[in-house]
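Peer 1: Can you make the complete structure from the sequences, with help from the hints?
There are 2 protein chains.
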Amino acid sequence: MSGYKVAPFSNLVDKFEMLPGIGRKTAQRLAYFILGLPKDKARSFADAILDVQSKIKYCKICKNITDEEICSICKSETREKSIICVVEEPKDVMFLERIGSMEVSYHVLHGVISQINGIGPDQIYIKELLSRIEKENVKEVIMATNPTVEGEATAMYISKLLKPMNIKVTRLAYGIPVGGELEYADEITLQRSLEGRSEI
Amino acid sequence: MSGYKVAPFSNLVDKFEMLPGIGRKTAQRLAYFILGLPKDKARSFADAILDVQSKIKYCKICKNITDEEICSICKSETREKSIICVVEEPKDVMFLERIGSMEVSYHVLHGVISQINGIGPDQIYIKELLSRIEKENVKEVIMATNPTVEGEATAMYISKLLKPMNIKVTRLAYGIPVGGELEYADEITLQRSLEGRSEI
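For the record, the sequence lines run as chains A and B. All letters in the first sequence, in the order written, are residues 1 to 200 by the numbering used here. All letters in the second sequence, in the order written, are residues 1 to 200 by the numbering used here.
If you are wondering where the hints come from, they were derived from the structure by calculation, not from laboratory data. Computed from a predicted model, the values in this text were never measured in an experiment. All the pointers check out, no bait thrown in.
Any copy will do: because identical chains look the same in the list, a pair fits if it lies in one copy or spans two.
Taking lysine-lysine and the DSSO-like style, the derived pairs with C-alpha atoms no more than 27 Å apart in a straight line are:
#1 Lys91 with Lys60
#2 Lys41 with Lys55
#3 Lys41 with Lys57
#4 Lys81 with Lys91
#5 Lys41 with Lys5
#6 Lys55 with Lys39
#7 Lys91 with Lys5
#8 Lys41 with Lys25
#9 Lys60 with Lys39
#10 Lys60 with Lys41
#11 Lys5 with Lys55
#12 Lys55 with Lys25
#13 Lys5 with Lys60
Peer 2: Next up, the structure:
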């Protein structure tokens, strides 16, 4: 298996292949597409890559991504500042914001506590969350970390730190997905769904 | 459906989304990945995109992509110059070269004749193929355009032009794929496979 190689092309294929979920064949197809783009479009693609790196920073308050000092959510005057929703990654904020009904503030941890990956509480933005709570008048913290072992553990860790501060700590509800069918739910989810049942 | 937007990030998501086969969710995941890359890696990705545009040109002889005036295949002294394999796109050369057993030359048409898309014989590199054949001592032309209606029509068109020049024109064999099962082959393929049967 040898093959015809053109250095700049192979190089771009390699770059695409390093992206998550992109295999060799797809990487080749994408590189071909780039090759066929008008010059200005290819340049604006390259610029977009550089811009996302140079212009995006973490909000000084909530650590969400932003291109300003303080993100638009933290700046907003209509947002409920006394409720902070804690998430793992900036993309979680985007997902939650998409439903549009959460008029709360956020705090992005940028990871979870994970012994396996050697990530301790000091390596994610927990300290910053605590100092926010000390300074601002926070009534409730909603833990919205992922329902994984590590997400759970991180939520538990943070909630233990918050209890002495007399703050209400809540967790997103577990249960069967809307539109799903009971028989396809796993047992743990079903168990949690049962525990979290509510009166109708 | 609104959502939290950061201009440089949304911009990169848009760029990824314009790539073939990449939807919104994947585009977001890729943009996140880029956001998390070390600066030098992001820069080399951007450079790779610019390089593929600025450094790659068409070989003066066969119109395959190359970063030199003449591609390595046309330059090679061990290649059989009297057999030219005609393909639609540069990627077809890469695919054929991967099997490694084709020690032939190529000619890349960069498209097919297509009435629907308004592409006539003059808009693909047919003229250049003919002048190559006039100048070089070509004995055989292998038509390796795709087995589509347009690929077929283009192959037929070219073969009619070549016949008066007293050149052997061949076509890649049609048939059932190796490892495939008869019952999954479509009828036309099976018909062609029967027509092209050989003695064992």
